[in-house]
Each structure stands twice: as structure tokens, then as C-alpha cells.
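Here is what each chain is made of, one letter per residue.
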Amino acid sequence: MKRAYNKGIIHSNTKISHNIFELKLEIDLWNRFGEDLGIPGQFYMLRGWEAKDPFLPRPISIANIEDNIITFLYEVRGKGTHIISKLVKGDTLELLGPLGNGFDLKLKGKVGIVSGGIGIAPLIYLSKKLDNNVDFYCGFRDEVYYTDIIEKRVDRLFISTEDGSQGHKGFVTELFDPHRYDLIFTCGPLPMIKNVIKICRDIVPVYCSMESRMACGIGACLGCTIKTTKGMERVCKDGPVFSSREVIFSD
Amino acid sequence: MKRAYNKGIIHSNTKISHNIFELKLEIDLWNRFGEDLGIPGQFYMLRGWEAKDPFLPRPISIANIEDNIITFLYEVRGKGTHIISKLVKGDTLELLGPLGNGFDLKLKGKVGIVSGGIGIAPLIYLSKKLDNNVDFYCGFRDEVYYTDIIEKRVDRLFISTEDGSQGHKGFVTELFDPHRYDLIFTCGPLPMIKNVIKICRDIVPVYCSMESRMACGIGACLGCTIKTTKGMERVCKDGPVFSSREVIFSD
Amino acid sequence: MINTKVNICGVELKNPVIAASGTFGFGREYAEYFPLSKLGGISSKGLTLNRKEGNKGIRIYETTGGLLNSIGLQNPGIDEFISNQLPFMKKQDTIVLANVGGGTIEEYVTSIERLNKTNIDMIELNISCPNVKEGGMAFGIRSKDAYEIVSEVRKTCKKPLIVKLSPNAENIVHMAETCVKAGADGLSLVNTFSGMAIDIYSKSPVFENTIAGLSGPCIKPIALRMVYEVSKAVDVPIIGIGGIMDYKDAIEFIMAGAWAIQVGSGNFINPTITLDIIEGIETFMVNQRIKSLEEIRGIIWRENI
Amino acid sequence: MINTKVNICGVELKNPVIAASGTFGFGREYAEYFPLSKLGGISSKGLTLNRKEGNKGIRIYETTGGLLNSIGLQNPGIDEFISNQLPFMKKQDTIVLANVGGGTIEEYVTSIERLNKTNIDMIELNISCPNVKEGGMAFGIRSKDAYEIVSEVRKTCKKPLIVKLSPNAENIVHMAETCVKAGADGLSLVNTFSGMAIDIYSKSPVFENTIAGLSGPCIKPIALRMVYEVSKAVDVPIIGIGGIMDYKDAIEFIMAGAWAIQVGSGNFINPTITLDIIEGIETFMVNQRIKSLEEIRGIIWRENI
Ligand SMILES: Cc1cc2nc3c(=O)[nH]c(=O)nc-3n(C[C@H](O)[C@H](O)[C@H](O)COP(=O)(O)OP(=O)(O)OC[C@H]3O[C@@H](n4cnc5c(N)ncnc54)[C@H](O)[C@@H]3O)c2cc1C
Ligand SMILES: Cc1cc2nc3c(=O)[nH]c(=O)nc-3n(C[C@H](O)[C@H](O)[C@H](O)COP(=O)(O)OP(=O)(O)OC[C@H]3O[C@@H](n4cnc5c(N)ncnc54)[C@H](O)[C@@H]3O)c2cc1C
Ligand SMILES: Cc1cc2nc3c(=O)[nH]c(=O)nc-3n(C[C@H](O)[C@H](O)[C@H](O)COP(=O)(O)O)c2cc1C
Ligand SMILES: Cc1cc2nc3c(=O)[nH]c(=O)nc-3n(C[C@H](O)[C@H](O)[C@H](O)COP(=O)(O)O)c2cc1C
Ligand code: FES
Ligand code: FES
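Residue numbers (UniProt numbering), protein chains in the order written: chain L, 1 to 251; chain W, 1 to 251; chain G, 1 to 305; chain Z, 1 to 305.
I should point out that these hints are in silico values taken from the structure, not numbers from a laboratory. Warning: the hint list may mix true and false statements.
Stated by the list, open to error - One-sided excerpt, in silico: chain G residues whose CB lies under 7 Å from chain Z:
#1 C9
#2 G10
#3 V11
#4 N171
#5 I200
#6 S204
#7 C218
#8 L275
To be verified - Listing some non-contacts, in silico: residues in chain L with all C-beta distances to chain G over 10 Å:
#9 H11
#10 I69
#11 N132
#12 L157
We put the CB at the ideal spot given by N, CA and C, even for glycine.
Given only the sequences and the hints, what does the whole structure look like? Please build it.
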């Protein structure tokens, strides 16, 4: 049996950029039972509050796992992430997971990773776990974060910022040539994902981590479905990683 | 114009007994305008959370004021006080007040103060502000707190505990002789207040601080009324301190 | 330049934010915190012909995202209101609504007759208080009962007549249409939902009346849906009420079709919440380049906007 | 010794806690977290005769103390349910309810005919889903529509028949009485409340269907009131639903008159919340010296208890 919500103890919760926090959680309890803490692309449902407002837990991807410490990288968007950002070392936080399918780490060939904004989170862990040759393309609005760590792990790192403050000025999709890769992993805002898929169509397979509003996070409520060639699929259980050939975008 | 909710900065929030906390808040902002922070018997509405669950703020009496520091003494009963108990130095908390009428400090004569449990909170501040001769009777269930401070301020201090672990074993009302006083101030559980009033009837006037569930705290919603000889009166605005001759108990 | 004014039944409000009945007294307590002239309007505590003591026992009970109340229309009665509260309210440079409840049609009509002679700006006819038999909710459930009372009141009433609907109405759209047919100049909705709570240790209802009224952000999605459905169905001005806690909530109600909104339980969380909402609406309008509220009123369903 | 068993229409549940339809799938996902045999019962995802894809666009939207959903009865259809899901569910040593929706009376009847031939324990007739035309809510608003469908289904149905009521019914008590007259063996209530939300930046409803269904602790006080009113009015077993998050909520529903309860949105907060509730009920019974749930069922209104 999997364990449902467990308490994580906050090791650190650091602002690393405007609105972006890095959260390190110590997991003792359930790892004692030798359960897997998760692979790249998997996520946890986080609750940093006991009350019923906010009501639902928040899905956040695994950005790293080292020993018993899970790292999350999150952007403060609304009230849930706001509350989490206020937690300090020693505070506890409830979490359910690991959830979802994760990226397929066994695929062969040269990999291009494309991230937009906070979509970088699962791709950081991915870049650590892949044995393939990897080029990493990361786009930011203005401030750049976490690239120093990624740089050491990959063949080449490309940075773009919308305001041109660092790297290429513009979108990250303007930087990369799909012909150079055997597969692409991507995560970021929907318009970016769509653009990556468009650029890669008929050239190279794309695997994208999708977002959706979630309730249960475990595949039971059918609240997070997206349209795919196989019918309505659950982002939380059948995803969040989908092949671009499966996903049917509404427009 | 009075200021509505203001931020207080937590100076300390210390467990002083089983389930009892002492909260010291630093008030800078609005005291600059020279507003009065409150007299004994007045209270504040506290919100230690931004979300809408819990929905209502919680009324807590002033236990002390010194310079710009307000002290509250509170018992963790339900989710509101539980959340407040988790706050630490540097955290902020919203508060509205001072509210209510407070005790009349101008009455003359020998005073008997009778407290039960956490009802001691407003009476601590009262014992500091009274110029009269005061005897203080405080009843606790088991653990005794704050009596060292009170002891220095009063003529005589009487302690009772229900389990007999300190002072008289039994109820505090068994300890005192109403004939020795010109007036009585009391606060505590309703059965105790009723008992004090019964003992003092036709002997000495009693002023009691009443509790009621509150919504607005400022006298507008009529949610906190109690039956009095003047009709339904608002605990938050017309009270919380009432003369025992006014209050009509339902049974 | 943005313009937050709204004209409801010939009465101009400087902005669409009205303090809801029963949560704002007669304004006196809030006047200690801000100039009431900032408000679009104030709806008085629910008034009955004769003074009422209200209900016994617990009157307030918190629930998730809201509260149950069973105040029971405690109020000083119409005459006392007219002589001692109305003059104060009318001095505040804001629109004043008299919220009128009652047990019988005669009682309602007599109250309205007395208010006719005053300088009150509008009547808000409360046919929806769940907490007293005389609160009028009996009239607010079935459309035909509402028709009777509204048409009788209409004959007497010389002021703009807003009818306040109960969300417990059998069919809120039909109820709205019926009240308009019976002569309502405008509608406000919603009042509180019938709800209850049980004390599991004493094994009895928390409230002496068993049933109490639920309000607060918990009810907002349902209230918004009702305002949307009613706005589409009738042509009179609608005042949206139910769980409004910030300017975003207020804008949602306006986009659903409301002309103005009322803030009730929100006042308990912060006595100056109405100011934040007014300011928030203004800022939203500036940022979104909305010149007047008409531009967005009912925008989610109106054609040719 | 305490006893948490309840017998509903001849079917014995080991405890009164049932997982609510649509929040628990067919149990498979939760089976990864705890043995489903701990539950009193499981109500399946709402089933229609033919498979349904469900609604497009956003399906889940959080509100204060709850959520709006617009799943639209996505389900594999009755046949696929019978061959691939039911065998799994029946292996779990818990009572299984088939939650059946539909668009037409014929569709409902055909679904029931097929379920008659299975080992399903009970039918929960969903005449209350607000999210699809075919969800049956049309039948759940007016009593006379409900009478028609329930009496037709009754003629066919060989299983204990629970009718699931909508809180949007015009008159919940009359609706309950009508369904019982039409042949319901029991009633479950409530389904979700019709609600909505607006995206003020895109100036359009959040949901493609505009209206969605509200659930969670925000609705509890209203749901509890409805269960109380219905329990008093009819003599069949009642299953209470709406915002149950802990054993205290569950006990409140039982004291209001419910025989069993269902937990819906609570499962999203914690997949093992039902276990906490079952345990909490047991502890409460021990502490309060309650031997069987019958002792407290409807205790707030039943005489001679
Ligand atoms: C599988 C998955 C993995 C994710 N991993 C990360 C991560 O590693 N780091 C990170 O910062 N974020 C991640 N997200 C997004 C994150 O879940 C949302 O930002 C968060 O739930 C917002 O919560 P909030 O309370 O702060 O905002 P809310 O107040 O709930 O909403 C703020 C804004 O966020 C949008 N939003 C809310 N929930 C979602 C959602 N589930 N998906 C998309 N938009 C939403 C709303 O439209 C709204 O505009 C992930 C989402 C999914 C589905
Ligand atoms: C004028 C006034 C001054 C007060 N001063 C103090 C003080 O100095 N220190 C202190 O510890 N407490 C004080 N109280 C009581 C305090 O307000 C309640 O204990 C607190 O609101 C409980 O909140 P909660 O969220 O922890 O509990 P909840 O979860 O709201 O409830 C827990 C229990 O407390 C009871 N309760 C809740 N609210 C009230 C209320 N307003 N009055 C009585 N019972 C209630 C409920 O019946 C329930 O059993 C005061 C109350 C009033 C009216
Ligand atoms: C304590 C309280 C008292 C109320 N009294 C009245 C009243 O006297 N007359 C009336 O029409 N509505 C009354 N209401 C209903 C409110 O005016 C409003 O319709 C309802 O609370 C929903 O709005 P909200 O969610 O913003 O509170 C009262 C509400 C509360 C909470
Ligand atoms: C995501 C979701 C899907 C639901 N699907 C169904 C359904 O298919 N059939 C049904 O009868 N009720 C359905 N419901 C309603 C629940 O079974 C329950 O009646 C309602 O959510 C109220 O209970 P709660 O407050 O505990 O969630 C659904 C509820 C949710 C939240
Ligand atoms: S969130 Fe419930 S199925 Fe994905
Ligand atoms: S709490 Fe509103 S009048 Fe006292």
C-alpha cells in the first residue's frame, strides 16, 4: 500500500528570484519503508495549511531528490503558493506522492530540453537523471535562476530572456534547431509547448509535461483531463508527461 | 477616525502552561497617532491568518500594555487559537481594537477580583491599573500561571485548583467572603460567574466580563447580545463588562 | 476618466458598493472607522413595524468559509428608526435603503406608509429572512405568495421599491419575474440560505430555532449563479449579494449582470472592507480601460456589448 | 461493544461511511492507499448507457471551502462498467452502489435492466447531475418529473433503489416524498449545488457550460438542513451527503436523521479521509457510550429516543 499524506519537514525555503522559491523538504517517515521518492516528471500534491481555505492541495514537480531531501521549485502565483512561501525551516507540510508517470529515461539519442519559466522545475531533475547527451534551452521572462547547476550537467546550455537582460533576447523557441536532436523534452507555458511541438513536427518526437487544474491528483475525479488521441486522459495519472503526438490542442 | 485592522508584529508567543499561551505584540504603526491601546476589560479582535477559514476573527482580552507592547493570554480551544499558537517572533497578526467598555477604574473601596481559568486574562491588567486595595482570588483546573506577577500587585492572593495541586482544593468561590469587599470584579466560565453573583447578591455589587460568540466585534451585527434589564445588549459594545444587576441569566 | 456611478431606479449611487442589511447596523459603528460618504449606499438593519428583541440562545456560528446567524430581526421598530436612526444616516451623504420585514401584509404596508413620509431613498423589501416567522420568508419561497405581498406594497409605496429575494425560493427566476410583474422597481439577491448546525455533544441543534441563515464566501458560487440567471430574465436593476469579499468578487457579480452589489459578512472580517472593494473596482477599471460599469454589466451574456 | 453496522433496504453495511459518486472513480486508485474493505460502501462514478467523454475546458475550479466541477459524467458506459469495473469492485468486500444517470427515461431503464443481471448491491439513481443535459437534473428539479422517472425505473429495477436528490430541487421535502411514493427504497442527498464562477480578465464564465456543481464543506450547513427536513418527512433510509470532512460532520448528519453518509470532495484533501472518519465515529461512540448508530439517528428530532 502507498502511504497517503505524509508530513515533510522544511529544511529550507529560499527565495531564489522574483516570486520563485526553492523548497527543500526532509522526508523521514516513509522513506524508512524504502519507497521510491520519485522520478523526473513526477510530482507531489502539497498542502501547507490545515484549514479548508485553500481547499485543494497544489501539484508541484520534483526538482531534485538527494538522500531524503526533496527539492521543489515553485512560483508564487496565488494563495496556495503564497502560504507555502511563508513557511520556514522546521515547519511541516503535508505531501502526497510521488504521482504521475514521469519522463521516460530509457529513450536513446541526443536530447533537447526546452523549458519556459517555472516549467524548468521538473527538467532540472530530468537533466540530472538522463544518461543521454543533452542540450538545455531555458527561457525566462527576466531573471535567470538555477542555470549554474544545469550548466554542469549538460553539453550546452542556451538561455533566453524576454527582456534581453541575459542570453538571447526573445523566446527560447527561437534558439533551437530540432534537426539536431533525437528527442525533445519540454515543460512550460502552454503557448510555448505548442510552439515547440509546431517547430518539431515531423522532425523529432516531443514529450511534454502538461498542466491542468487538479483535485484528487491520483486519477479518480477526472477533473484534470486533456483531450488526446486515446480519448480524455488524466494529466495526474496518465500524465503529466505526454507524447506530442497524443495531445489534441483545442485551437 | 479609528483605525480598522492593523498589523501587530509578534514579539513573543510563549506556552506558559498546558494549552495556555502568552502573546506579546509590538504595535508601532498606529500608536504613532497617539491612540489609546486600551483599558482593562477591553479586548481586540485577532486574525492570525489571511484565508477565509477560520472565517471570523477571535476576541481576546488585553492582559497587559507596556509601552507599545500588548500582552494577550489565551487558551488554545479550537482552530483559531490553534493557528495563533503556531505563530512565531516576527510574524504578523491583524488586530482590531481596543473594543468594548472595559472595567470602571473609578469606583471606590476595597476590591475583590475573582477569576476562573483563562478568565484571569483581563483581570491581570485590571490588577495593575486599579488604585484600590485589592484581594485576588484565582481558580485553576490544575496548573497555576501568572500568579507571581499578580501577587506583587495585590494585598492578598488566593489560589485554588480543582485537583488540589496548588492552593485550596476545589472552586475559587469557596474561598471568599463577599462581606469583606465594596465591589467585586470577575471573569471566567459562566457557571463560576453565576456562582459569584449568587454569593454576592444583596451584599456587594459585582461587575463581570461576559463572553459571547462574536462576528463584527464593533456592535453592528447584534450577534453577541445577552439578555439584560435594559433589553438585549451587545457584549462587544455595551460590554463585555456588565453589572450583575443588569444581566438576566436564562436559567 | 472612469466613472463608477450607477443609477438604480432613478437614484444615483456614487459607486456600486452598498453595505448589506443586518451587517452594518445603521452605520453608526462603522462611521467610527471611515466616512460613510465613501459608500454607494447603506441598507438598514431589517425593520419591523414594532420593535423586536430578536432570538434567544446562540446567534452566530462559524462554518467553513462563512457563518450561520439567527439574529431574528432584532430592531427598534419603524418609528424609532425614523426618529433616531434615519436622520443620522441621511446626513452621511450616501444613499439609504430601508430594509423592511414583517409578518403580515398589513404590517408591511403600515411600515411602508410611514417610510413614504420620510426622506429615505429606497425601500428594500425583505421577503426572505429565514430567522423569524415575521421575517417574511414565508413570502419568499413561493412566487404566488410573493406576488401578493409585493403588489400590495406597491400600491402604497411611493419610493423606489427593491425586493430582496431569498435563495430558498422554489424557482429564483420565476420568483424574480413575478416580483417584477407585481411592481418591483429592482431586485436584490441573495439573502441567507437556510442552513443548520448540530452540537454533537449536547445532541441538539446549535440554534434555538434549529434553522439559521448561511452567508459568506461559501455561498458565493451559488449566489453568483442566481444573479446571472435572474439578470438574464428580467429587465430591472439587480443588486448582487452573497459572499463578496473583494473587488474581484464584486466584478464577477457585475459581469453576471448586477448593477450594484452589497457586502454583508465581509464587514465582519474587516470594517473597512467596503473601501478596499471600491478602490479595487476603480483600479480594475483603470487597468482594464473600462470607462463605466455599464460596459461590463452582464458582459458574459449580453449580446452586442 | 459498539456496533457501527447499518442495514439499508436489506443491505448490510459494516459502517455508515460510503465513498461518494464521482470522487472515487471505481475505487482502483484508492485501493493503492488502503483496503477498500474498510469502507461501508462505494458509489461508482456516474454511469450512462453509452460511454461519455465528459465536458471540455476547465473541469475543476476551487472556491472558498469547496470546489466547482464540471466533469460532465465522463464514464465508460454501463456495459464496460459491468465487464471491467464491477468485478474489481465486488471483490473488495464492501457494498457497491451503481450510480446511474441518463438523458431519457428509456436510457435509464435500459441501464437498470442490464444492472439487474449483475451482482451489484444497490442502485443510486442520479436525477441530479447539474453538468450535463443527460445527467438527469432536469428530473431532479420538479417533483412531477421525478415521479415519472422514479416510477418507471421502479417497475424495472430488481435491486434496492436509492434516489439521489438534487439540492436544486424546488422543494426538497416534497421531492423526497414524491420519490418515495414513486417507489424509492431510500434517498441520498445532496448532489452538488448549481453554481458558477467568472474569469474577470477574459470576461467570460470559467466553465464552458457556464454553470457547474458546487461541493465541499462550504455547502455542509445547507446539506445538513436538507437531510434534517427530509428525514423528518419520509420513512425510508436516508444517506446524508455534503461537505463531510471529519467524524464530527458525519455524526451531525446522523443526528439529523441520516442512516449512512457519503464522503465526496473530502477524498481530494486526503485519499484516506474515509478511514479517519470511520475511526472517529468509533471513538466517538465509545466515548459517548453509544452502542449502535440507531441510538443517535435523528436524535435531534425523534421523540422517545
Ligand atoms: C503536474 C503539475 C506540476 C506542476 N509543477 C509545478 C512546479 O514544479 N512549480 C510550480 O511553481 N508550479 C507547478 N505547477 C503549477 C502549480 O500547481 C500552480 O501554479 C499552483 O497550483 C497555483 O496555486 P496557487 O494557490 O498559488 O494559485 P491559485 O490561486 O490557485 O491560482 C493562481 C493562478 O494559477 C492558475 N492555476 C491554478 N492552479 C493551476 C494548475 N493546476 N495548473 C495551471 N494553472 C493553475 C490559476 O488559473 C490562477 O491564475 C504544476 C502543475 C501541475 C499540474
Ligand atoms: C470579550 C471576550 C474576551 C475574551 N478574552 C479571551 C482571552 O483573553 N483569552 C482567551 O483565551 N479567550 C478569550 N475569549 C474567548 C475566546 O474568544 C475564544 O476561546 C476563542 O474565540 C475560541 O476560538 P477558537 O477558534 O480557538 O475556537 P473555536 O474552534 O471557534 O471553538 C472552540 C470552542 O470554543 C467555544 N467558543 C468559540 N468562540 C467562543 C466565544 N466567542 N465565546 C465563548 N466560547 C466560544 C466554542 O463553543 C467551542 O467549544 C474571550 C471572549 C470574549 C467574547
Ligand atoms: C448577522 C446577519 C444579519 C442579517 N440581517 C439581515 C436583515 O436584517 N435583513 C436582510 O434583508 N438581510 C439580513 N442579512 C443578510 C445579508 O444582508 C446578506 O443578504 C447575506 O448575508 C448574504 O451576503 P454576504 O454573504 O455578503 O453576507 C443578515 C446577514 C447577517 C450575516
Ligand atoms: C468531481 C466530482 C464529480 C462528481 N460526479 C458525480 C457523479 O458522477 N454522480 C453523482 O451522483 N454525483 C457526483 N458528484 C457529487 C458527489 O457525489 C456529492 O454528491 C457531492 O460532491 C457533495 O458531497 P461532498 O460535498 O462531500 O463532495 C461529483 C462530485 C464531484 C466533486
Ligand atoms: S486530479 Fe483527479 S483525476 Fe486528475
Ligand atoms: S459581535 Fe457584532 S454586535 Fe457584537
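Quick rundown of the hints versus the structure:
no.: 1; hint: C9; result: violated, 25 Å
no.: 2; hint: G10; result: violated, 28 Å
no.: 3; hint: V11; result: violated, 26 Å
no.: 4; hint: N171; result: holds, 6 Å
no.: 5; hint: I200; result: holds, 5 Å
no.: 6; hint: S204; result: holds, 6 Å
no.: 7; hint: C218; result: holds, 4 Å
no.: 8; hint: L275; result: violated, 20 Å
no.: 9; hint: H11; result: holds, 32 Å
no.: 10; hint: I69; result: holds, 34 Å
no.: 11; hint: N132; result: holds, 46 Å
no.: 12; hint: L157; result: holds, 37 Å
Checked against the numbered hints given earlier, this structure breaks hints 1, 2, 3, 8; the rest are met.
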